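Chemist: This is what each chain is made of:
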Amino acid sequence: MDVLLANLDGILAGFRTTLSMFAISGLMSLILGTVLAAMRVSPIPILRATGTGYVTVIRNTPLVVMFVLIVFGLPEVGIRPSFFVRAVLALTLYTAAFVCEAVRSGINAVQPGQAEAARSLGMTFGQTLGLIVLPQALRSVVPPLVSILIALTKNTAVAEVFGVTDAAYELHNLIRDHPQAVYALFFGVAAGYIAITLTIAGLGRLLERRLVVIR
Amino acid sequence: MSSVLYDVPGPRGRRRTLIWSAVSTIVFAGLVALVLWQLASTGQFEADKWEPFTRPGIQRGILRALAATLRAAVLAIILSLVWGALLCVGRLSERWWLRYPAGLVIEFFRAVPLVLLILFVFFGFTNSFENLGDRLEDTLPPSLANLLAVDQLGTLAPLVVALMLYNGAVLAEIFRAGIHAVPRGQSEAAYALGLRKSQVLRLILIPQATRIMLPAIVSQSVVVLKDTALGFVIAYLELVRQGQLIYNQFRNIIPTAIVVATIYVAVNMTVSLLATWLEARQSRRYGRQAVAAAEAAIPEATAF
Chain A
2 MDVLLANLDG
12 ILAGFRTTLS
22 MFAISGLMSL
32 ILGTVLAAMR
42 VSPIPILRAT
52 GTGYVTVIRN
62 TPLVVMFVLI
72 VFGLPEVGIR
82 PSFFVRAVLA
92 LTLYTAAFVC
102 EAVRSGINAV
112 QPGQAEAARS
122 LGMTFGQTLG
132 LIVLPQALRS
142 VVPPLVSILI
152 ALTKNTAVAE
162 VFGVTDAAYE
172 LHNLIRDHPQ
182 AVYALFFGVA
192 AGYIAITLTI
202 AGLGRLLERR
212 LVVIR
Chain B
24 MSSVLYDVPG
34 PRGRRRTLIW
44 SAVSTIVFAG
54 LVALVLWQLA
64 STGQFEADKW
74 EPFTRPGIQR
84 GILRALAATL
94 RAAVLAIILS
104 LVWGALLCVG
114 RLSERWWLRY
124 PAGLVIEFFR
134 AVPLVLLILF
144 VFFGFTNSFE
154 NLGDRLEDTL
164 PPSLANLLAV
174 DQLGTLAPLV
184 VALMLYNGAV
194 LAEIFRAGIH
204 AVPRGQSEAA
214 YALGLRKSQV
224 LRLILIPQAT
234 RIMLPAIVSQ
244 SVVVLKDTAL
254 GFVIAYLELV
264 RQGQLIYNQF
274 RNIIPTAIVV
284 ATIYVAVNMT
294 VSLLATWLEA
304 RQSRRYGRQA
314 VAAAEAAIPE
324 ATAF
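Heads up: the protein sequence lines correspond to chains A and B, in order.
Just remember that the numbering used here sits 1 ahead of the position in the first sequence, which is counted from 1.
Just remember that the numbering used here sits 23 ahead of the position in the second sequence, which is counted from 1.
Rather than coming from a laboratory, the hints here were simulated on the basis of the structure.
These figures come from a predicted structure and were not determined experimentally.
Any given hint might turn out to be false.
As the list claims (entries may be wrong) - Label-pair ranges, simulated between beta-carbon atoms:
| id | chain 1 | residue 1 | chain 2 | residue 2 | range |
| --- | --- | --- | --- | --- | --- |
| 1 | B | 126 | A | 185 | 22 to 28 Å |
| 2 | A | 140 | B | 121 | 37 to 43 Å |
| 3 | B | 212 | A | 9 | 53 to 59 Å |
| 4 | B | 292 | A | 36 | 21 to 27 Å |
| 5 | B | 105 | A | 2 | 30 to 36 Å |
| 6 | B | 42 | A | 9 | 55 to 61 Å |
| 7 | A | 140 | B | 30 | 22 to 28 Å |
| 8 | B | 304 | A | 83 | 46 to 52 Å |
All C-beta atoms in this analysis are idealised placements derived from N, C-alpha and C, irrespective of residue type, glycine included.
Okay, chain A solo, but in the shape it has when bound (with noise of 0.2 Å):
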């Protein structure tokens, strides 16, 4: 407990460090996650293909493999942002898939007679999508999407292992330090995550309830 209190400043320091990839990160990943399943859905064959290959491929493989990729690797070719930037990278390249995959769903759930109404008034898919068709299948998948940014609050915390300094590098270094104390500082720093994913699942709840549509 002791060990806990006395670096309490150094793991609040790491518990910002890994709001901000998380904020960061879930915006970049909602957008991403968008244009992805609109291309899944879109009538040009190639951009069909594409969605489909890209969500296969990151589904299928690890998140360590996408950080080893990204963190290591970008380097390696001469491009070299800090830690923070390419943590930040991969966790939206990853999470992308699963939000696409999401608002997909929430697409394929429309009532077809929204977008056949819409094609009827002579929309374009362009319009069709984004006027009609988006705006509602956003509102319903507001749970799963929660889900998926819980789990990305969660995923943070593989970049500790590639050099970013957040909550869970804070723990993995006082707890080599002070196995001892191993009880009190596993505890207390999931007690921090606990209640980041608490909020973002009240949050959720909250605008659930100002969205749902009542059909």
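Using the hints provided, position chain B relative to the given structure of chain A.
Modeler: Here is chain B on its own, set in the frame of chain A:
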């Protein structure tokens, strides 16, 4: 389904599709060319970076590491099925002193990052696991000891236990969804015949729920298989760790990462195909809705 979004194209639509296809092909080709050029200009395609993978010694090392990955995954899946079943039975119990603790345990392990769990079990218990491994090495027959890699128990066990704690909690939620997906009439009929609650669960609900949940369980196995890569954190000699040993020796990070990723994608897609096939088969037999309900419980159980 998505075909509702656009009409069967007429002549103008076909032309537009053609133009956009051409534009996106050029853009993607440009991107791919850029990546390839960047890789080539930094010498990633040079033979000496790929040559190590043709050596029998390296290939054997990769195969051994793949076996280590599969060993951790299989052990973790079996143990998390048991742990998940226990948690699920606890959660469904009528006794509050079983129901609430089981719910708390499920929520806790689902919310904690797997990396933290692995670090906790490793730093807290690796010595005990190593001692256990030494003792097992003396008592078990050598072939079984080899199969279970008891000499690596100090890193294998923390990885497997952490995976079990997390995925067991996720599976408990999947099991609960599966049991709720069995039509109500089944348990009502069983109660009407005078079966006790435990008998209804054991004789009526679990056999049917298992078949409904099978695809969801196989999908979750892919998640476990991917998560074994986190054994890298505590230097368990699985695929990623083996890859690290290779690229530290030959300075070929990108070729190694590509080889390792390809192996994972191949293995996982094989398992995913099994899940898709099972899902189609079970949907035919037990109704699409029941199977979809169990599948839907996976994202709800916040699993990647």
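Chemist: Each of the hints needs a verdict: does it hold here or not?
Modeler: Hint by hint, here is what the structure shows:
For residue 126 of chain B and residue 185 of chain A, the Cβ-Cβ distance of about 24 Å falls inside the hinted range of 22 to 28 Å, so the restraint holds. Restraint check, residue 140 of chain A to residue 121 of chain B: a C-beta distance of roughly 38 Å satisfies the suggested window 37 to 43 Å. Distance hint for residue 212 of chain B and residue 9 of chain A: a CB-CB separation of about 58 Å, consistent with the stated range 53 to 59 Å. Separated by about 24 Å at the C-beta atoms, residue 292 of chain B and residue 36 of chain A satisfy the suggested range of 21 to 27 Å.
A hinted range of 30 to 36 Å for the beta carbons of residue 105 of chain B and residue 2 of chain A is consistent with their spacing of about 33 Å. Between residue 42 of chain B and residue 9 of chain A the beta carbons are some 60 Å apart, a value that agrees with the proposed interval 55 to 61 Å. Between residue 140 of chain A and residue 30 of chain B, the C-beta spacing of about 26 Å keeps the proposed range 22 to 28 Å intact. Against the hinted window of 46 to 52 Å, the Cβ-Cβ separation of residue 304 of chain B and residue 83 of chain A comes to about 49 Å, which satisfies the hint.
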